[in-house]
Amino acid sequence: MTIQIRYFASLREALGAGETLVLEPGAPALTVGALRDRLIARGDAYAEALARGRALRAALNQTMCAETAEIADGAEVAFFPPVTGG
Amino acid sequence: MSTTPARPRVAIQTEDFDLSAEVAALRAGDGAVGAVTTFIGTVRDRHAGQPDPDSASVSAMELEHYPGMTERAIEAMIDEALRRFDIRAARVVHRVGPLAIGDQIVLVAVSSMHRGESFQACEFLMDWLKSEAPFWKKETTAEGARWVDARVSDERALARWGIASTNASPAGTP
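Just so you know, the protein sequences line up as chains A and B, in that order.
Heads up, the first sequence is in full-length UniProt numbering, so the first residue is 1 and it goes up one at a time.
Heads up, the second sequence is in full-length UniProt numbering, so the first residue is 1 and it goes up one at a time.
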């Protein structure tokens, strides 16, 4: 299973624009929240930028989503801070 | 809607926009239009949270967006505005990249037969965009550049329309 991960704004500055994550074959379905935890577990910049104490938002396939959203193979998942346009 | 828009309803661009040209394009070919409401957001030299509200503290701004998602999100907002209000057409232009104090950032323009509907739809679109369209502002101040914090007041503005947002809310969401 392959997931495209993207970061924006302060998260992009801390972690880069994103990456392609390849999960082991047969891995159980992952939610957006579980992916966040998996990235946090890397420690260092990931643990800090994605920390549970921070208000972050997520999008699945370019639509705002809750962390309970399930990620399908080939999906694009983005993490970013609260939005501030306008 | 009887007319086909001559241009996309949403533009994300680095270039400036011309209000008169935008309004002319929005109205073009639609004889039923009796009202146009426009909103323009501009780059301010100060922000709400600064210690001295009367002094300039911001010297420049930079805007980032999520290419693809931003356009789709605003398209969906315009679809909803067309469902909720008796309007003829709507257009949103949002700039990204480096901007200077006084520059135009965003345009929301709505046409309708009567003024009430375009006033409402314009505010509805702007309120929704503030809390749900993926843009991020970075201000340059004397202390350096910093990302602008989201405001809970923007969520309250959106809640008036029956749309819940947890954009500015603290940890634990969504």
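Calculated from the structure, these hints are not laboratory results.
Source: prediction; values computed, not measured.
C-beta: ideal position from N, C-alpha, C; glycine also.
Fair warning: there could be bad hints in the mix.
Claimed, not checked - Partial pick of chain B residues on the chain A-facing surface, computed with a CB cut under 8 Å:
#, residue
1, Val106
2, Leu107
3, Met126
Said to hold, decoys possible - Chain B stretches covered by chain A per the calculated footprint, using a threshold of three residues with CB under 8 Å from any CB of chain A:
#, region
4, 60-66
5, 82-91
6, 143-149
7, 156-169
Evaluation of the provided hints:
1. Checking Val106 (chain B) against chain A: minimum C-beta separation of about 5 Å stays under 8 Å; hint holds.
2. Because the smallest distance between the Cβ of Leu107 (chain B) and any Cβ of chain A comes to about 11 Å, over 8 Å, the interface hint for this residue is violated.
3. Here the hint on Met126 (chain B) is kept, as its CB sits about 6 Å from the closest CB of chain A, short of 8 Å.
4. With 4 residues having a beta carbon nearer than 8 Å to a beta carbon of chain A, the region 60-66 of chain B meets the requirement of three or more and the stated coverage holds.
5. Check on the region 82-91 of chain B: 0 of its residues sit with their Cβ under 8 Å from a Cβ of chain A, so the three-residue criterion for coverage is violated.
6. Coverage of a stretch by a chain is defined here by at least three residues with a beta carbon nearer than 8 Å to that chain's beta carbons; for the region 143-149 of chain B and chain A the count is 3, and the condition holds.
7. Given as covered by chain A, the region 156-169 of chain B passes the check, having 3 residues with a CB less than 8 Å from a CB of that chain where 3 are the minimum.
The structure does not agree with the numbered hints 2, 5 stated previously, though it agrees with the rest.
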